[in-house]
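Engineer: Here is how the chains run, residue by residue.
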Amino acid sequence: MRTSPGMTMVIDGGLPTGAFTDLITSHGDYIDLVKFGWGTALVTRDLDRKAGVLRDAAIGFYFGGTLFEHHLWTGRLDEYLDLVRRTGATHIEVSNGTIPLDQPGKAEHVRRMSQYRPVLSEVGYKDADRSARLTPAQWVEAMREDLDAGAFMVVTEARESGRSGIAQSDGHLRRDVLDAVIGNVDTERVMFEAPTKTLQVELITALGPDVNLGNIAAADVLGAETLRLGLRGDTLLHVATVPSGQSAGI
Amino acid sequence: MRTSPGMTMVIDGGLPTGAFTDLITSHGDYIDLVKFGWGTALVTRDLDRKAGVLRDAAIGFYFGGTLFEHHLWTGRLDEYLDLVRRTGATHIEVSNGTIPLDQPGKAEHVRRMSQYRPVLSEVGYKDADRSARLTPAQWVEAMREDLDAGAFMVVTEARESGRSGIAQSDGHLRRDVLDAVIGNVDTERVMFEAPTKTLQVELITALGPDVNLGNIAAADVLGAETLRLGLRGDTLLHVATVPSGQSAGI
Amino acid sequence: MRTSPGMTMVIDGGLPTGAFTDLITSHGDYIDLVKFGWGTALVTRDLDRKAGVLRDAAIGFYFGGTLFEHHLWTGRLDEYLDLVRRTGATHIEVSNGTIPLDQPGKAEHVRRMSQYRPVLSEVGYKDADRSARLTPAQWVEAMREDLDAGAFMVVTEARESGRSGIAQSDGHLRRDVLDAVIGNVDTERVMFEAPTKTLQVELITALGPDVNLGNIAAADVLGAETLRLGLRGDTLLHVATVPSGQSAGI
Numbered sequence: 011m012r013t014s015p016g017m018t019m020v021i022d023g024g025l026p027t028g029a030f031t032d033l034i035t036s037h038g039d040y041i042d043l044v045k046f047g048w049g050t051a052l053v054t055r056d057l058d059r060k061a062g063v064l065r066d067a068a069i070g071f072y073f074g075g076t077l078f079e080h081h082l083w084t085g086r087l088d089e090y091l092d093l094v095r096r097t098g099a100t101h102i103e104v105s106n107g108t109i110p111l112d113q114p115g116k117a118e119h120v121r122r123m124s125q126y127r128p129v130l131s132e133v134g135y136k137d138a139d140r141s142a143r144l145t146p147a148q149w150v151e152a153m154r155e156d157l158d159a160g161a162f163m164v165v166t167e168a169r170e171s172g173r174s175g176i177a178q179s180d181g182h183l184r185r186d187v188l189d190a191v192i193g194n195v196d197t198e199r200v201m202f203e204a205p206t207k208t209l210q211v212e213l214i215t216a217l218g219p220d221v222n223l224g225n226i227a228a229a230d231v232l233g234a235e236t237l238r239l240g241l242r243g244d245t246l247l248h249v250a251t252v253p254s255g256q257s258a259g260i
Numbered sequence: 011m012r013t014s015p016g017m018t019m020v021i022d023g024g025l026p027t028g029a030f031t032d033l034i035t036s037h038g039d040y041i042d043l044v045k046f047g048w049g050t051a052l053v054t055r056d057l058d059r060k061a062g063v064l065r066d067a068a069i070g071f072y073f074g075g076t077l078f079e080h081h082l083w084t085g086r087l088d089e090y091l092d093l094v095r096r097t098g099a100t101h102i103e104v105s106n107g108t109i110p111l112d113q114p115g116k117a118e119h120v121r122r123m124s125q126y127r128p129v130l131s132e133v134g135y136k137d138a139d140r141s142a143r144l145t146p147a148q149w150v151e152a153m154r155e156d157l158d159a160g161a162f163m164v165v166t167e168a169r170e171s172g173r174s175g176i177a178q179s180d181g182h183l184r185r186d187v188l189d190a191v192i193g194n195v196d197t198e199r200v201m202f203e204a205p206t207k208t209l210q211v212e213l214i215t216a217l218g219p220d221v222n223l224g225n226i227a228a229a230d231v232l233g234a235e236t237l238r239l240g241l242r243g244d245t246l247l248h249v250a251t252v253p254s255g256q257s258a259g260i
Numbered sequence: 011m012r013t014s015p016g017m018t019m020v021i022d023g024g025l026p027t028g029a030f031t032d033l034i035t036s037h038g039d040y041i042d043l044v045k046f047g048w049g050t051a052l053v054t055r056d057l058d059r060k061a062g063v064l065r066d067a068a069i070g071f072y073f074g075g076t077l078f079e080h081h082l083w084t085g086r087l088d089e090y091l092d093l094v095r096r097t098g099a100t101h102i103e104v105s106n107g108t109i110p111l112d113q114p115g116k117a118e119h120v121r122r123m124s125q126y127r128p129v130l131s132e133v134g135y136k137d138a139d140r141s142a143r144l145t146p147a148q149w150v151e152a153m154r155e156d157l158d159a160g161a162f163m164v165v166t167e168a169r170e171s172g173r174s175g176i177a178q179s180d181g182h183l184r185r186d187v188l189d190a191v192i193g194n195v196d197t198e199r200v201m202f203e204a205p206t207k208t209l210q211v212e213l214i215t216a217l218g219p220d221v222n223l224g225n226i227a228a229a230d231v232l233g234a235e236t237l238r239l240g241l242r243g244d245t246l247l248h249v250a251t252v253p254s255g256q257s258a259g260i
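Protein sequences appear in the order of chains A, B and C. Under the working numbering, the first residue of the first sequence is numbered 11, with each subsequent residue one higher. Under the working numbering, the first residue of the second sequence is numbered 11, with each subsequent residue one higher. Under the working numbering, the first residue of the third sequence is numbered 11, with each subsequent residue one higher.
I should point out that these hints are in silico values taken from the structure, not numbers from a laboratory. Keep in mind that a hint or two might mislead.
[Unchecked claim] In silico lysine-lysine, DSSO-like type, Cα no more than 27 Å apart, as pairs:
1. A:207 - C:207
2. C:207 - B:207
3. A:207 - B:207
Given only the sequences and the hints, what does the whole structure look like? Please build it.
Structural biologist: Put into structure tokens, the structure is as follows:
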């Protein structure tokens, strides 16, 4: 059924193992990547079983950038890489959303981590005020720098709330940032965090059904797919097309 | 345990198959109808299994009005009716929440679709501003027209957010519309979409525990039932009664 | 993995039986108590099976204070105690969040109910305006009175929304109440209802990772645990420590 080549990354904020397996079994066709949100991996009893479910379904996975930051901040990156290897994580996320790591420092870690796995590099801060002070030009420059450093994709921060990073406090996209990104970065290499329907609709409307969407909640996997396909009111008139020469039967 | 004859319609926004089965097995006693929300049916891998679970539990089901609108808009109503027949859907929802179909045109489709299944006909638009411009008299007139056209029930739009249609942007009911409906339409034939606790409480308080409630989230099935029964703080003093001649032990 | 001695109480708002079992199996290590929210127990078909799952996992459980209030209000406390005995509930919650029961009257019920089970006694009202009128001194006095009456713990009301009781309508803690509680009550004997991440972060920041947290949603069990451990952006810099003599690798 799926026709869209746009990537869908689902965030797991701590599903029980049965629910996780049920999700992947039922909706795995619409999921390209799973992110074990922030540091949940360290308190997930059945992490190896979850990893196995994803391996069987040929779905990639990685750990939230906060786990990388936590290990960097506490001087234990070697333990982080051990975890990646042991679980078979397919990607690494590098970010500086919380700890005081500047952009050039982050790009350097993108370069280093790319030796081990394809890197998703996040741009934007978790703190709403700090993110709001980033100009469109700074967003573009950081994304280009990370891609030049070898990042597989760059990720625009929006948290789980959809009210920070590339999103405004009212939940809508920062259009100035979006326009700058569209004009200056290859959007096939950008994953837009879009945890809310508002953001999903605005991104699909602006970039088309193939936009890469991240931080999709487990409960919204089918919902996001229907938005891509014009099967929901919010995008029906944008995406669904009336066959030529028809009056649509109305 | 259930004493209320009021109907409860649950919206499935895309539950995995295991979770759906679990829901119906555990809480099926409190569910009269399931609506596969908007166009999710088309991206649900195990739709036939979900339909089977409902058949076994003697619970009716149908597809969201948006799926009807999508097929009407793209000139493929025959495919829509094929889907209804193949899955054994027990009802059809007719709506004009998104596409440019006027009220008389919708009533005509209510008439046609009633040949195939009992029809739930929705009144109100998904767009908040358009809905807000509908006067109470227009709501009543549309509901009567749809019932006259043969609708089994009419449904008052409130979306999944509870902030459009018969709901205001602040999440409360439009009292003017509710009062007009109560005064002019047989409310046993009205299904009020009530996806939030705020709306559920306001409707139960205004219409009593037997009001027909729709768009109840899977996670809220027991919650809505407790509201009907006065087993939650919001309705306890309205619904629960102190035996006469008792001081309630306080 | 868990190092925190702080209690975590999870509220079950009506999970299907399979989902409930999955939750306890996967995340039971991080759950100390389960509260069957408000009066959901009376409409839970498999209540005995849920109770059995908790017994096997050595997790305590009890019924929401509203169920106590409902039985008190309708003059049927004997039926309430029968339910406690039959299900093997390990605790009793006494509250006056909804019915007109004054503080001394509540303390008297704390005393009586303590004969049967350890009592969690709730302070604060479900109605936001009534709660807002309670002064910090009144919160402290009520908590002390309940503890003096034999309560095992006192619970600060915040509902499921986190916008009433000890929380303000904007979702943040009432700092005046929190400061008065910290200064005058043994916080090891206080369970703070904290159904939102905002409240969890503010409490962990103010009281440390061992604060007792209540009304944690099933979906947030791992999330709350990561906040305690500094594995989420919101608390990383507060809780996680850089080994001395290290530059944190940045």
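Engineer: Hints first: check each against the structure and report whether it holds.
Structural biologist: Against the structure, the hints come out as follows:
1. About 20 Å separates the Cα atoms of residue 207 (chain A) and residue 207 (chain C), which keeps this hinted pair within 27 Å; it holds.
2. A C-alpha spacing of about 20 Å is found between residue 207 (chain C) and residue 207 (chain B), which places the hinted pair at or below 27 Å, so the restraint holds.
3. Distance restraint check for residue 207 (chain A) and residue 207 (chain B): the Cα-Cα separation of roughly 20 Å lies within the 27 Å cut-off, and the hinted pair is therefore satisfied.
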